[in-house]
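Enquirer: This is what each chain is made of:
2 protein chains.
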Amino acid sequence: MKTVFINGLGLIGATMARIIKAANPATTIIAFDPKQENITTMVDDGVVASAVDFETGAKQADLIILATPVSGICSSLRQLAELDLKSGVLVTDVGSSKETILAAAEPLMNRGVQFLGGHPMAGSHLTGSKNSRLDLFANHSFFLVNGNASPATIKEYQALLAPGQLHFSSLTAKQHDQLVSATSHLPHMVAFALTNTIIPEVDDMAIDPGIPSGGLLDTTRIAKADPDMWTAIFTSERADLLAQIDQFQKQLTRLRTAIAVDDQDSIHDQLQAANEARLRLEEKR
Amino acid sequence: MKTVFINGLGLIGATMARIIKAANPATTIIAFDPKQENITTMVDDGVVASAVDFETGAKQADLIILATPVSGICSSLRQLAELDLKSGVLVTDVGSSKETILAAAEPLMNRGVQFLGGHPMAGSHLTGSKNSRLDLFANHSFFLVNGNASPATIKEYQALLAPGQLHFSSLTAKQHDQLVSATSHLPHMVAFALTNTIIPEVDDMAIDPGIPSGGLLDTTRIAKADPDMWTAIFTSERADLLAQIDQFQKQLTRLRTAIAVDDQDSIHDQLQAANEARLRLEEKR
Chain Y
1 MKTVFINGLG LIGATMARII KAANPATTII AFDPKQENIT TMVDDGVVAS AVDFETGAKQ
61 ADLIILATPV SGICSSLRQL AELDLKSGVL VTDVGSSKET ILAAAEPLMN RGVQFLGGHP
121 MAGSHLTGSK NSRLDLFANH SFFLVNGNAS PATIKEYQAL LAPGQLHFSS LTAKQHDQLV
181 SATSHLPHMV AFALTNTIIP EVDDMAIDPG IPSGGLLDTT RIAKADPDMW TAIFTSERAD
241 LLAQIDQFQK QLTRLRTAIA VDDQDSIHDQ LQAANEARLR LEEKR
Chain Z
1 MKTVFINGLG LIGATMARII KAANPATTII AFDPKQENIT TMVDDGVVAS AVDFETGAKQ
61 ADLIILATPV SGICSSLRQL AELDLKSGVL VTDVGSSKET ILAAAEPLMN RGVQFLGGHP
121 MAGSHLTGSK NSRLDLFANH SFFLVNGNAS PATIKEYQAL LAPGQLHFSS LTAKQHDQLV
181 SATSHLPHMV AFALTNTIIP EVDDMAIDPG IPSGGLLDTT RIAKADPDMW TAIFTSERAD
241 LLAQIDQFQK QLTRLRTAIA VDDQDSIHDQ LQAANEARLR LEEKR
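The listed protein sequences correspond, in order, to chains Y and Z.
Residue numbering for the first sequence follows full-length UniProt numbering, beginning at 1 and increasing consecutively.
Residue numbering for the second sequence follows full-length UniProt numbering, beginning at 1 and increasing consecutively.
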């Protein structure tokens with residue numbers, strides 16, 4: 001019988017708990033979270049057995065899932081390197097960046113403890129265990145960035161997550177961070193900036209702007225993302241993100257210039273390229 | 001019995017035809033379109049009676065709807081100013097910009113012919129009458145930018161469009177163009193540039209990027225827009241659009257700078273503002 005300790009029972013940690021409990025109801029899941037309501041919801045739902053402090057949970061666990069913000073994951077990893085953990089334990093996480101986390105896991109791995117980085121692309125702006133759902137990650141990507149876990153251990157972990165209906169991809173930490181920066185962090189940044197451009201301007205016009213169009217809603221939807229979470233992401237991912245912004249600025253300038261000089265061929269080429277690329281993207285869903 | 005002439009039987013013109021026919025089945029709708037298939041679909045559906053050339057259609061009509069791209073609408077208006085139209089005719093359009101169109105309508109209006117600018121915010125990247133639907137504009141905005149039509153004429157026109165379930169807003173040409181530039185043209189530009197930033201970069205990584213997240217799909221969705229239509233829009237709306245891009249660049253730089261210097265308060269303020277503004281936007285739908 002497996003004991004799983006989850007540190008952080010927010011949206012992601014709690015969803016991981018639901019998935020694991022569904023895969024193996026005999027699993028004992030214990031957890032820590034500073035918010036009592038996060039614990040209560042999951043205990044009431046029969047998913048989490050009880051709340052424990054970090055050290056107690058870590059020492060009892062066959063599987064440790066670190067599900068706090070990235071900075072918390074890094075300090076947890078350094079803390080774990082000092083503890084006597086169960087032999088054969090797997091330590092994993094669900095953090096949105098991997099280079100810093102893999103680096104923080106070095107002391108732990110040097111002690112012979114298995115570490116496997118993980119990252120479910122959850123795509124929800126909701127927070128808290130009360131919003132967790134078994135199917136939150138269904139048909140979403142779950143990136144695996146391995147430290148030193150054996151192939152057998154990784155397979156076992158994937159099996160435990162099977163009810164989540166995840167699409168697993170294995171990447172290096174560097175590939176992961178670049179990919180997430182481009183496909184998640186940059187779009188969020190753009191949505192925030194676009195929203196802060198458009199809405200105040202329209203408010204100032206003091207007219208009836210009518211029903212917001214689908215295009216306006218779509219391009220700004222992820223500006224609903226949680227400001228706390230995204231301030232943390234933007235300040236921990238700086239190097240990758242700034243590089244992405246610069247690339248985006250290049251494309252924006254390219255299109256702006258073509259418009260300014262009325263280069264219709266260039267405008268059309270750029271729009272055609274985007275159109276085709278976006279249609280190809282859809283085929284993957 | 002009313003005769004309606006629609007010049008341009010693409011997605012928008014054909015949808016207008018369906019709405020009008022639903023409002024008053026006794027209406028005779030005649031139309032011109034260079035693509036035979038656009039005409040055939042609507043004749044087969046019993047919405048359009050027959051195809052006619054521009055002059056013939058214009059002279060027979062009690063209501064003329066100009067539904068070609070903006071440059072075509074402008075030349076149609078100049079052409080109409082030279083024709084003998086029916087007394088009491090209303091000339092209107094569905095073009096996506098209004099300042100140039102209202103200016104092009106001056107000679108016509110100077111002859112005493114009523115002109116009312118119109119613009120349904122259709123929000124579809126599809127084209128052609130085969131994709132037209134009675135409910136295409138349902139719960140969407142329809143902007144009215146009046147030239148010289150009487151209140152009674154405007155009311156009558158709105159009644160004719162009642163089956164479309166539109167949300168009418170009346171604006172000046174300047175307000176309209178600024179609003180559409182901010183809420184439609186800028187988001188499209190950003191989506192095109194963002195798509196051209198992300199997709200080629202991910203392709204170059206030569207990895208399994210997994211399932212595209214909702215955020216990536218949402219922020220780039222309108223990059224599926226038709227390149228021909230949007231090249232035309234970008235080259236006809238240049239002044240407004242360049243101003244909008246510059247405003248967006250300011251917000252982007254504001255956020256980039258805060259990230260680069262690790263000003264967490266500023267980052268959080270900007271994200272919080274965007275979050276609140278975007279939630280307010282949702283209340284209007």
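Note that these hints are calculated values from the structure, not bench results.
Be aware that a few hints might be false.
All copies of an identical chain are treated as equivalent in the list; a pair is satisfied when it fits inside any one copy or across any two copies.
[Said to hold, decoys possible] With a cut-off of at most 30 angstroms between alpha-carbon atoms, the simulated DSSO-like pairs for lysine-lysine come out as follows:
{"#": "1", "residue 1": "Lys284", "residue 2": "Lys35"}
{"#": "2", "residue 1": "Lys130", "residue 2": "Lys35"}
{"#": "3", "residue 1": "Lys224", "residue 2": "Lys284"}
{"#": "4", "residue 1": "Lys250", "residue 2": "Lys224"}
{"#": "5", "residue 1": "Lys174", "residue 2": "Lys130"}
{"#": "6", "residue 1": "Lys130", "residue 2": "Lys250"}
{"#": "7", "residue 1": "Lys250", "residue 2": "Lys2"}
None of these values were measured; they are calculated from a predicted model.
Enquirer: Determine for every hint whether it applies to the structure shown.
Expert: Hints, verified against the model:
no.: 1; hint: Lys284 to Lys35; verdict: neither (38 angstroms within a copy, 33 angstroms between copies)
no.: 2; hint: Lys130 to Lys35; verdict: within (12 angstroms within a copy, 55 angstroms between copies)
no.: 3; hint: Lys224 to Lys284; verdict: both (25 angstroms within a copy, 15 angstroms between copies)
no.: 4; hint: Lys250 to Lys224; verdict: both (26 angstroms within a copy, 21 angstroms between copies)
no.: 5; hint: Lys174 to Lys130; verdict: neither (33 angstroms within a copy, 47 angstroms between copies)
no.: 6; hint: Lys130 to Lys250; verdict: neither (42 angstroms within a copy, 38 angstroms between copies)
no.: 7; hint: Lys250 to Lys2; verdict: neither (51 angstroms within a copy, 53 angstroms between copies)
Violated hints, listed in ascending order, are 1, 5, 6, 7; each of the other numbered hints is respected by the structure.
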